[in-house]
Amino acid sequence: MIHIENLVKRYGNFIALDHLNLDIKEGEVFGLLGPNGSGKTTAINCLLALLKYDKGTITVFGKEMHPDSYDIKQDIGVVMQNVAVFDQMSVWENIDYFCGLYVKDKKTRLELVEEAIHFTGLEDFRKSRPKKLSGGLLRRLNIACGIAHKPRLIIMDEPTVAVDPQSRNRILEGILELNRQGSTIIYTSHYMEEVEQICSRIAIIDHGQVLATGTTEELKNMIKTGETITLEAIALNKEQLAEIRGLPHVFEISYEEQVLKIRLSRAKHNLVRILNYMQEHDLAFGRVFSELPTLNDVFLEITGKELRD
Amino acid sequence: MTVFKGFLTITKRNLRMVFLYIIIFLTISLMTQKMLGPQGTVSFELQRLDIAVIDRDGGELAKGLISYLSSFHNIKNLPDDESILQDRLFYREIYYIVTIPEDFEEKCLRGTGQLPVTKVPGSTSGYYVDQQIDTFLNEVRTMIDGGFSLADAIERVSEYAKNTPDVTLIDKTGNGGDMPGHAFMYQYMPYIIISILCYTLGYIMLEFNKPDIKRRIQCSAVSDRALNGQLFLGYTVIGLAVWCICTLMPIIVYGKAFMTDGHLACYLINSFTLTLVALAISFFISSFLKSDELISAVVNVLTLGMSFICGVFVSMDVLGKGVLTVAHFLPVYWYEVNNNLIAGNQILSHTQRNELFQGFGIQLLFAAALLGAALVIRKNRALSEQ
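Those protein sequences? They're chains P and D, same order as listed. First residue of the first sequence: 1, per my numbering; consecutive thereafter. First residue of the second sequence: 1001, per my numbering; consecutive thereafter.
Simulated from the structure, these hints should not be mistaken for laboratory data. Heads up, the beta-carbon is just placed ideally off N, CA and C, and yes, glycines get one too. One or more hints might be untrue.
[Stated by the list, open to error] Calculated pairs, DSS-like style, for lysine-lysine (alpha carbon to alpha carbon, straight line, at most 25 Å):
1) D:Lys1210 / P:Lys131
2) P:Lys127 / D:Lys1210
3) P:Lys131 / D:Lys1214
4) D:Lys1290 / P:Lys106
5) D:Lys1005 / P:Lys104
6) P:Lys131 / D:Lys1012
7) P:Lys132 / D:Lys1379
8) P:Lys104 / D:Lys1210
9) P:Lys52 / D:Lys1210
10) D:Lys1214 / P:Lys106
[As the list claims (entries may be wrong)] Residues from chain D that face chain P, not an exhaustive set, calculated with beta carbons under 7 Å:
11) Asn1209
12) Ile1213
13) Ser1220
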């Protein structure tokens, strides 16, 4: 559905997109995951022909995308990172206005606006002005304005920034519902939990480059970390730490403020081995956690820095 | 036509402001007109002033002068006390004091003496009586030099004074020399038209110029041409509506007097060209203003500034030469020049008609220049955003 090849975008000497390549298939919820400033929004803006790029090609629905590709734009819905609605129009008027940019037939539009209002749960706020809405409701209005015309492709650029958990869950459920109804979704975020929760495929992006692409499982399998064990342990000396680092499958440890963090490769009974060592050496320990790798671990291993940095 | 409809929806939200401005405008223009407006002068009449004459000479010439002045003015009998006389003059109970000194006759006829007078400095009444005294004394001297006796000379000059000239009032405006009422209303119209259009369209464009809304519209299936066309249509409709409302006001207030004015079309064309200028100004300022506080500040400075120096609030006659020179560079000045021309002349000469068309043309050029500048700003901004 979307093919981006060798996309380069420069702002003076700064390279925002560095030979970015992406392929997105119809029916996917495709996540673009990367820290702030990694190039996600720039990539989206180039895809929407809002920005001129220096090199590369972008094809959407099999056609090359240009600023005047109105036939392609007709099938795209956009939910911007910032809430983009008219302050002087009501909720209903805003959705009707943005839907009207795509749908000319009044009767059809009325039905679509009602559906969008129902879909985003804004039934009680039809006549409210945006300034009277809470942050979460505003985000829902922002989404309603972007999806009311039922596009084939929906691009959502960090739609849950600064949203309370309740509204966030509602928004994420809504995105999955849109996908079930047949829309392909591109979802950019720096919240890995969200991406992990809703995306069928993910591209990890940093410094304008795609570092890895795949499903969550595929991405996790790409890295060495199979498990991270955390223990609250009092007074471990250098020798003991060296012995722990020497245990089978352990490839990295850290010990700070009496918290021992051990990263291990995939293997059976990792936790048992660590606990046995603690017992054999009569080492006191408190709470113990074992965590499977997250996308943050994937990002950490690939880039050497935390996604949240 | 979604963009156009959106334009109108936001306009609807600003209607309260539009009506508020209209009420303010109507109140100001009607009040000012009441205070300074037409008095309806249709006849000419000599004005008689209350004056005081202190005769310390008592001679024939002095009596002749008093008699001569009494044919034009009311002579008040007041004591020869300087403080009393000055008090009366200060409170405008009298407008002029003539003190005829001793030996006046002798000194005056020899041309060596002066007649002490007290008057309100720089007043027209002072010049008026000065002129009459000079006329009397000069004519008496001339006749004496011509061989008349003093008594004969005084008698003949006094007789001439009784001749009343025929005065024909030239009514250039068709309104007793005064501007018609609706002309006053049109004088104040730039303030209301520019204010309403700049505020309303400024606030609407503020919404449309929000970067995120702009991007959302750019992402949509509406072409740039359609978008600009619909915005242009919105501007046109709102401009026309405001012009129609402003045209309705003199019709409602002055009715037939306005509708039968021979220059009705000129008033309409002049206010229409001004509306185009106001639309261009609002388009220009909305190209770079990004907050409603800024719009409010800029529109206030712009409208009040232009109104004060271009003769909207104050008649051009009382504005300084320097101010008027600066005003030449503002479109409202040319509107007011045209308005004064239309209001002050019932029939326009060929030259005046040319001046009128020149005024229309200059206003249109201002509108075109502002529109061009706004388009360049917008184009540059769009390029820099990419």
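Against the structure, the hints come out as follows:
Annotation: proposed proximity of Lys1210 of chain D to Lys131 of chain P holds, straight-line Cα distance about 15 Å (limit 25 Å). A distance of roughly 22 Å separates the Cα atoms of Lys127 of chain P and Lys1210 of chain D; the hinted pair therefore holds under the 25 Å criterion. Distance hint between Lys131 of chain P and Lys1214 of chain D is fulfilled; the C-alpha atoms sit about 19 Å from each other, no more than 25 Å. Restraint check for Lys1290 of chain D and Lys106 of chain P: not satisfied, since their Cα atoms lie roughly 33 Å apart, outside the 25 Å limit.
Among the hinted pairs, Lys1005 of chain D with Lys104 of chain P is consistent with the structure: their alpha-carbon atoms are about 12 Å apart, no more than 25 Å. A distance of roughly 18 Å separates the Cα atoms of Lys131 of chain P and Lys1012 of chain D; the hinted pair therefore holds under the 25 Å criterion. The hinted pair formed by Lys132 of chain P and Lys1379 of chain D fails the criterion: a straight-line CA distance of about 35 Å is larger than 25 Å. Proposed proximity of Lys104 of chain P and Lys1210 of chain D is supported: the alpha carbons are some 24 Å apart, at most 25 Å.
Annotation: proposed proximity of Lys52 of chain P to Lys1210 of chain D holds, straight-line Cα distance about 20 Å (limit 25 Å). At roughly 23 Å between alpha-carbon atoms, Lys1214 of chain D and Lys106 of chain P fall within 25 Å of each other, so this suggested pair holds. At about 12 Å, the closest approach between the beta carbon of Asn1209 of chain D and any beta carbon in chain P exceeds 7 Å, and the interface hint on this residue is violated. The criterion of a C-beta within 7 Å of any C-beta in chain P is met by Ile1213 of chain D, whose closest approach is roughly 5 Å, and the hint holds.
Taking 7 Å as the C-beta contact cut-off toward chain P, the hint placing Ser1220 of chain D at the interface holds, the least distance being around 4 Å.
Hint compliance for this structure: hints 4, 7 and 11 are broken, all remaining hints hold.
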